[in-house]
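Novice: Can you make the complete structure from the sequences, with help from the hints?
Sequence lines, in order, name chains Z and H. When you number the first sequence by the working numbering, it's gap-free, plus one each residue, and the end is 167. When you number the second sequence by the working numbering, it's gap-free, plus one each residue, and the end is 480.
Read the hints as simulated data drawn from the structure, not as lab findings.
Simulated coverage check for chain Z against chain H, where a stretch passes if three residues somewhere in it have a Cβ under 8 Å from a Cβ of chain H:
#, region
1, 90-104
2, 159-166
No more than 35 Å apart at the CA atoms, straight line, and that leaves these computed lysine-lysine pairs for DSBU-like:
#, chain 1, residue 1, chain 2, residue 2
3, Z, LYS66, Z, LYS123
4, H, LYS415, Z, LYS106
5, H, LYS424, Z, LYS56
6, Z, LYS108, H, LYS435
7, H, LYS415, Z, LYS108
8, Z, LYS66, Z, LYS124
9, Z, LYS110, H, LYS435
10, H, LYS415, Z, LYS110
11, Z, LYS56, H, LYS434
12, Z, LYS56, H, LYS415
13, H, LYS424, Z, LYS110
14, H, LYS444, Z, LYS56
15, Z, LYS110, H, LYS434
Have a look at the derived ranges for each label pair, beta carbon to beta carbon:
#, chain 1, residue 1, chain 2, residue 2, range
16, Z, GLY93, H, SER446, 27 to 35 Å
17, H, HIS376, Z, THR139, 18 to 26 Å
18, H, HIS448, Z, GLU115, 37 to 45 Å
19, Z, GLY93, H, ASN407, 16 to 24 Å
20, H, SER380, Z, GLN149, 39 to 47 Å
21, Z, LYS124, H, PRO480, 42 to 50 Å
22, Z, LYS124, H, SER378, 39 to 47 Å
23, Z, SER120, H, GLN408, 23 to 31 Å
24, H, ILE426, Z, ARG62, 18 to 26 Å
25, H, GLU381, Z, LYS124, 42 to 50 Å
We put the CB at the ideal spot given by N, CA and C, even for glycine.
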Amino acid sequence: DVKVTQSSRYLVKRTGEKVFLECVQDMDHENMFWYRQDPGLGLRLIYFSYDVKMKEKGDIPEGYSVSREKKERFSLILESASTNQTSMYLCASSSQGLNTGELFFGEGSRLTVL
Amino acid sequence: AQSVTQLGSHVSVSEGALVLLRCNYSSSVPPYLFWYVQYPNQGLQLLLKYTSAATLVKGINGFEAEFKKSETSFHLTKPSAHMSDAAEYFCAVSDRGSARQLTFGSGTQLTVLP
Chain Z
54 DVKVTQSSRY LVKRTGEKVF LECVQDMDHE NMFWYRQDPG LGLRLIYFSY
104 DVKMKEKGDI PEGYSVSREK KERFSLILES ASTNQTSMYL CASSSQGLNT
154 GELFFGEGSR LTVL
Chain H
367 AQSVTQLGSH VSVSEGALVL LRCNYSSSVP PYLFWYVQYP NQGLQLLLKY
417 TSAATLVKGI NGFEAEFKKS ETSFHLTKPS AHMSDAAEYF CAVSDRGSAR
467 QLTFGSGTQL TVLP
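Specialist: So this is what it looks like as structure tokens:
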């Protein structure tokens with residue numbers, strides 16, 4: 054069964070803390086994505102990566118960074134968490150060759166910043 | 367630039383009634399269009415997609431959607447709602463020239479009443 058696994062389903066952090074959200078996919082997909090989901094706003098793209106060590110900014114990259122050292126793993130980093138980063142974070146992956154927009158999502162990581 | 371508008375953030379239907387979730391898009395090129403579903407506490411999964419083949423697209427769980435270029439619409443329908451259809455539904459568009467990215471609508475929460 055193909056899977057995208059996000060390491061933490063629920064996290065509570067304090068303002069100013071450094072936060073790591075990890076995502077692993079087992080489908081050998083080239084593309085990986087981090088989205089943020091907020092009520093009434095749908096999904097907004099933070100960063101995506103189309104290859105190891107490659108990354109591109111999405112629509113809302115401010116306050117975030119990413120790392121892709123291995124093909125199967127894509128990490129989202131909040132250098133100094135703030136309360137306005139309280140949200141649901143969704144990781145997704147897709148195949149390069151069949152890239153017609155079909156994304157495979159993880160179950161999400163709900164982050165609360167106090 | 368591409369965008370998606372989902373009319374109605376909340377839709378309620380009775381069990382057995384028709385489900386109609388509305389989606390209008392704007393795109394500078396012929397788009398790929400998608401419907402994703404998110405069940406409670408889960409990530410998104412693909413329901414169906416339009417990629418310029420047949421304009422009426424059938425998806426999983428009895429859902430279908432019709433691409434209408436003249437109306438720039440891609441509404442999602444199901445003839446008879448089931449309790450298990452209660453979820454949030456997202457319409458998304460992808461320009462063919464940049465298929466690595468999707469633009470999502472703000473979502474429609476479907477409630478099915480007994």
